[in-house]
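These are the residues of each chain, in order.
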Amino acid sequence: MSENGSSAGDSPTGDDLPTPTPEASPETAEFWAATSEDRLLLRHCTDCDATFHPPRRICPECHGDATEWIEASGEGTIYTFSVMRQNFGPFGEAVPYVLAYVELDEGPRILTNVVGVDVDEVEIGQRVTIAFDDTGEGPKLPRFTPA
Amino acid sequence: MSTDTSASIAGVYEHPTREAPDKSTPQLHAEVARGALDDAGLAFDDVDGFFTAGTPRWMLSLIEYLGLSDLSYYDSTDVGGSSYVAHVGHAAAAIAAGKCEVALVTLAGRPRSEQLSPLSDGPEVPFEESFGPSPVGLYALAARRHMHEYGTTPEQLAAIRVAASEHAQYNEDAMYREPVTVADVLDSRPVADPLHLLDCCVVTDGGGALVVVSPEVAADLDRECPAVLGHAEAVEHVDGGHLDVTHTAAVDSGPRAFAEAGIHHADVDYASIYDSFTITVLETIEDLGFCAKGEGGAFVEGGTLRAPDGDLPFNTDGGGLCNNHPANRGGMTKVIEAVRQLRGEANDPVQVPDCEVAIAHGTGGSIASRMGSVTLVLGADR
Chain U
1 MSENGSSAGD SPTGDDLPTP TPEASPETAE FWAATSEDRL LLRHCTDCDA TFHPPRRICP
61 ECHGDATEWI EASGEGTIYT FSVMRQNFGP FGEAVPYVLA YVELDEGPRI LTNVVGVDVD
121 EVEIGQRVTI AFDDTGEGPK LPRFTPA
Chain B
1 MSTDTSASIA GVYEHPTREA PDKSTPQLHA EVARGALDDA GLAFDDVDGF FTAGTPRWML
61 SLIEYLGLSD LSYYDSTDVG GSSYVAHVGH AAAAIAAGKC EVALVTLAGR PRSEQLSPLS
121 DGPEVPFEES FGPSPVGLYA LAARRHMHEY GTTPEQLAAI RVAASEHAQY NEDAMYREPV
181 TVADVLDSRP VADPLHLLDC CVVTDGGGAL VVVSPEVAAD LDRECPAVLG HAEAVEHVDG
241 GHLDVTHTAA VDSGPRAFAE AGIHHADVDY ASIYDSFTIT VLETIEDLGF CAKGEGGAFV
301 EGGTLRAPDG DLPFNTDGGG LCNNHPANRG GMTKVIEAVR QLRGEANDPV QVPDCEVAIA
361 HGTGGSIASR MGSVTLVLGA DR
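Quick mapping for you: the protein sequence lines, in order, are chains U and B. Each residue of the first sequence is one higher than the one before, counting from 1 in my numbering. Each residue of the second sequence is one higher than the one before, counting from 1 in my numbering.
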């Protein structure tokens, strides 16, 4: 399936979603810098093998310091989703759009949007692939589109 | 049932307003504090413990505004809407430890009249807010997954709103008193699929207050003072991306609170169950063990939640869904209605006869990200 929003009329949604610039902290700067190069990083603990998101330096499982960045494949499956019909602020202007938890192939479920798809076609279990959305300020937002 | 009473609830007050454009939030705190103290037969000078959360965020400014001077204990634990259920437990513990004797708990806020600050400024914010979640949207994620795993239907969720609306018709202060049907819910505007407008709680200005007292203080009052029999708290969160949105932290808080109170499910005469959204109620009923996981949909059909005759009469004030959800925080009104039921002071048609044991359960935060679940068990003062 490859509908990339080229058709007018019943256009796939999510292409006009706001792209707020995320605020990086000393702990997350590398994550956001990597997105500017179209790379999705996850934090991994070499001691207990936990892979987790959002990233943090101290492992939330074993609480050790032996954590490192790993690069995610950018492939995943929709764990759950909602078609947002109403919201406040800039996202309210962009309805309908799809809010979702995507379960990455590496394990973590991350909150994101599914874009480039007819909102009525989205399903739990659907395979998706990453579609970085440029904020114009460096970082890109890790959104997803049907694989 | 446990006979140890560490603390009792001597006074409750729910502000009758649902929209307060011309009052300040601190003024609402003062009005509800006065109301609850009057209900108990106590005065501001009797208060030596103070508990609040939310607005104003800086507790000391509110303590000053209220003129509370002789405090020996205070606690501003904020786990969202369940905070006030937690405060009852914290107050009971403080009273049992001899730290205070008369604990005042207040809630006020005006989300209809002013923008409230976000709950969190935590490290997760850039990883979530960038994708346009909303409170409804997050709960919709839970509802969708619950439907997927267990076959729960929109009609079953709607049955929860229907029961709440049938109760609300007897509450003259309720925001929405008109009974609705399943079809009304399904025909209401979709907000975040699969949740409709009528799957969502009301947005109201206002507040409420509670007075929790020691057994010695209760003994001197002319008021029925329902006892705090059990209290427990639990958390669930995103867990590094390994979350399960089909259950809440009530799976942990419920059994602990029931065990502390020494009660079983069959002992529960009335249940105040946090109802930010219909799915919140459905998952909580399962997690508290009133039915098996995944069977909440079938459980809520057929009038189970209807007072006074259903198997599990719930939210007889109309709940957050129809009556009141002041400051976007529903825990306070959950405790207040449980106390009314135990005193026999609920609205006549929905008063549960001989109500001896009630629970009040709060869910603060979001069931699709991070939540603080608090279960309180209360017993009648007879």
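Note that these hints are calculated values from the structure, not bench results. One thing to keep in mind: the hints can contain errors.
As the list claims (entries may be wrong) - If you anchor each label on the Cβ, the simulated ranges turn out as follows:
1. P26/U to P21/B: 51 to 59 Å
2. D173/B to T129/U: 35 to 43 Å
3. S73/U to E155/B: 36 to 44 Å
4. D38/U to H264/B: 55 to 63 Å
5. P16/B to P26/U: 32 to 40 Å
6. D267/B to W69/U: 48 to 56 Å
Just so it is clear, CB atoms sit at the ideal spot from N, CA and C, and this is done for glycine as well.
Which of the stated hints cannot be reconciled with the structure, identified by number in ascending sequence?
1, 2 and 5
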